[in-house]
Amino acid sequence: MSTLSLARTDEGLSKAARYAILTGVLALAMAMSLMLGYRQYTPLDVWNAFTAFDGSETAVVIVNLRLPRAIIAPLTGASLGIAGVVIQTLARNRIASPDTLGLNAGASLTVVVASFVFGISSLAGLSSAAALGALLTSLIVFGIATSAGGLSPLRIVLVGVTIAGLGHAIVEVILTSNEAELEQLLFWLSGSFMDRPISLALNGLPFVLTGAAIAVALARALDALHADDSTAASLGVPIVLVRGASFVAISILTGTAVAMAGPVSFVGLVVPHAARKIVGLRHTHQIAAAALVGAIYTTLADVLARFVIYPTEAPVGALTAVGGGVVLLALLRRRAA
Amino acid sequence: MTDNRITVDALTLGYGKQTVLNALSLPIARGKVTVLAGPNGCGKSTLLRAIRRLHRPASGRILLEEIDIAKLGHKDMARQIGLLTQSPSAPEDMTVEELVRLGRYPHQTLLQPWSAEDGRAIDKAMAGTGVAHLRERALGSLSGGQLQRVWIAMVLAQESDIICLDEPVNHLDMAHQIDCLNLVSQLNAEFGRTVVLVLHDLNLAARHADRLVFIKDGRVEAAGTPETLMHEDMIRNVFGVHSKVITDPVHGRPMCIPIGTAPWRKMVPVSDT
Numbered sequence: 326m327s328t329l330s331l332a333r334t335d336e337g338l339s340k341a342a343r344y345a346i347l348t349g350v351l352a353l354a355m356a357m358s359l360m361l362g363y364r365q366y367t368p369l370d371v372w373n374a375f376t377a378f379d380g381s382e383t384a385v386v387i388v389n390l391r392l393p394r395a396i397i398a399p400l401t402g403a404s405l406g407i408a409g410v411v412i413q414t415l416a417r418n419r420i421a422s423p424d425t426l427g428l429n430a431g432a433s434l435t436v437v438v439a440s441f442v443f444g445i446s447s448l449a450g451l452s453s454a455a456a457l458g459a460l461l462t463s464l465i466v467f468g469i470a471t472s473a474g475g476l477s478p479l480r481i482v483l484v485g486v487t488i489a490g491l492g493h494a495i496v497e498v499i500l501t502s503n504e505a506e507l508e509q510l511l512f513w514l515s516g517s518f519m520d521r522p523i524s525l526a527l528n529g530l531p532f533v534l535t536g537a538a539i540a541v542a543l544a545r546a547l548d549a550l551h552a553d554d555s556t557a558a559s560l561g562v563p564i565v566l567v568r569g570a571s572f573v574a575i576s577i578l579t580g581t582a583v584a585m586a587g588p589v590s591f592v593g594l595v596v597p598h599a600a601r602k603i604v605g606l607r608h609t610h611q612i613a614a615a616a617l618v619g620a621i622y623t624t625l626a627d628v629l630a631r632f633v634i635y636p637t638e639a640p641v642g643a644l645t646a647v648g649g650g651v652v653l654l655a656l657l658r659r660r661a662a
Numbered sequence: 223m224t225d226n227r228i229t230v231d232a233l234t235l236g237y238g239k240q241t242v243l244n245a246l247s248l249p250i251a252r253g254k255v256t257v258l259a260g261p262n263g264c265g266k267s268t269l270l271r272a273i274r275r276l277h278r279p280a281s282g283r284i285l286l287e288e289i290d291i292a293k294l295g296h297k298d299m300a301r302q303i304g305l306l307t308q309s310p311s312a313p314e315d316m317t318v319e320e321l322v323r324l325g326r327y328p329h330q331t332l333l334q335p336w337s338a339e340d341g342r343a344i345d346k347a348m349a350g351t352g353v354a355h356l357r358e359r360a361l362g363s364l365s366g367g368q369l370q371r372v373w374i375a376m377v378l379a380q381e382s383d384i385i386c387l388d389e390p391v392n393h394l395d396m397a398h399q400i401d402c403l404n405l406v407s408q409l410n411a412e413f414g415r416t417v418v419l420v421l422h423d424l425n426l427a428a429r430h431a432d433r434l435v436f437i438k439d440g441r442v443e444a445a446g447t448p449e450t451l452m453h454e455d456m457i458r459n460v461f462g463v464h465s466k467v468i469t470d471p472v473h474g475r476p477m478c479i480p481i482g483t484a485p486w487r488k489m490v491p492v493s494d495t
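Chains A and B supply the protein sequences, listed in that same order. Be aware that the first sequence starts at 326, since it is given in my numbering, and climbs by one per residue. Be aware that the second sequence starts at 223, since it is given in my numbering, and climbs by one per residue.
Any given hint might turn out to be false.
Simulated pairs of lysine to aspartate or glutamate, EDC-like, Cα-Cα distance not exceeding 20 Å [claimed, not checked]:
hint, chain 1, residue 1, chain 2, residue 2
1, A, K602, B, E358
2, B, K297, B, D340
3, B, K297, A, D554
4, A, K340, B, D315
5, B, K466, B, E454
What the hints contain is simulated information worked out from the structure, not anything from laboratory work. Computed from a predicted structure; not experimentally measured.
Could you build all of it, start to finish, from the sequences and the hints given here?
Set out below in structure tokens:
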């Protein structure tokens, strides 16, 4: 049984076909995001809203409300998916993610501090704060996990979960002492794509692309880091440099995702597993597939969030957390961590 | 150009305050199989790793041809020396091909991530180690012997002219030990690769070494052909073992039959009869 389930074969679909299917599913999910929700629209409504905007309520909802989230959701998912791939390889632990390593919590904390303590409200300011928070947290977590000799895949997650708990606690203290603005930030902190201006996506895009480009440039070195450090070093990988650059990529990707949507839980944990199942372990493919799968995951979660407690909307972060929690437990049961 | 592919020159190296290699000097001949042997903790693995620059020397230097390895780039170094460490690890769901491909890392660049040459090299490495039929298998589904051959294939795919293997047959059964070391001998004979092995089985070492190096307490105790080195006094001195050395009736190499630990080790409460 274990032999069978471990034996991954390339039988069946070619990689190109797999990417084509993922792209098709993503397009479908984005179309659903435009059509479905509190009110349902036909494909024709959507088509008309874009080609012949008439100022009607339908057109306004589609273009001003639905479109931003149909773009921000997949962008956030792609960003977290890629970050998850890089983190899991770096930590050599398949349950490492922006959540379990505390990067989401760190990014949330710096955003809350920037907002309440320094009065920053611009998106660029908050995005920078989130990326900085993610970077600092990753340095702290990897630093502590490696301080006693080599990097321990177990210790890194224990440290990460602890730091995440600390971060959340501090965020809550700050929030309870600033009740006036609590509601707005509370919604942000649970992760959502609702009521976000499209400028958020446009401003976030270059950051996501930069993070993704760094990850792709590191792909072959990350492949070698599948092996232990000694082997990777003897293959000629400049390990310290690759780790450093990976931290930067992870921080940009996680920070931008947090800035766009708040901490959308567990996306970075789940998506890499699906990506590896679909295209294997080589990072060029893992990264590309994780971007697509991540985009599909968050977009579908965002659509579903509109219906689970209809007519009210559920925070999408709660949905991805449920999905992620189930997958995490399944992985732990299978000892994959 | 000298006949020495590698020159270790007065190398001192340690972990923390503990000195592992103590002003060790050793020339390693081009195109020969050199086997490092010695008791546990003598520094043989550390020396191998130091040659691949995985440890920073406290003093002394290591030369490849005439060039100090401290001056070589990461990939340049990896194109010259392939090293298989004692217990390498990789994810269980990685396929054989994915692992063997890693050997091509030092030959690739950002702008040329994959070439036909890379494909040819990994095919050849997998064929040479007899793992071509396992190409799509997950590492976790392989037996110990298969897995070891896959790791060796990865090092071969690197196509370095120096190959260092640390205890490559440690966990293998007899048949796989023979296959593995024959493969190494063949690589050396056919392609003139310089091979450096760490082996703790003295008889395997004697059979496969052109040149045997005994290491004790971080120094080279003796170096030479197995015939000149393998005698009873030397083995007692290096390993603390009382033995009889005979000539292997099949290969004509010296062969050591251990009798007991030397009396001064006081590990067995028997009188020396």
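- Item | Contradicted hints - numbers only | none
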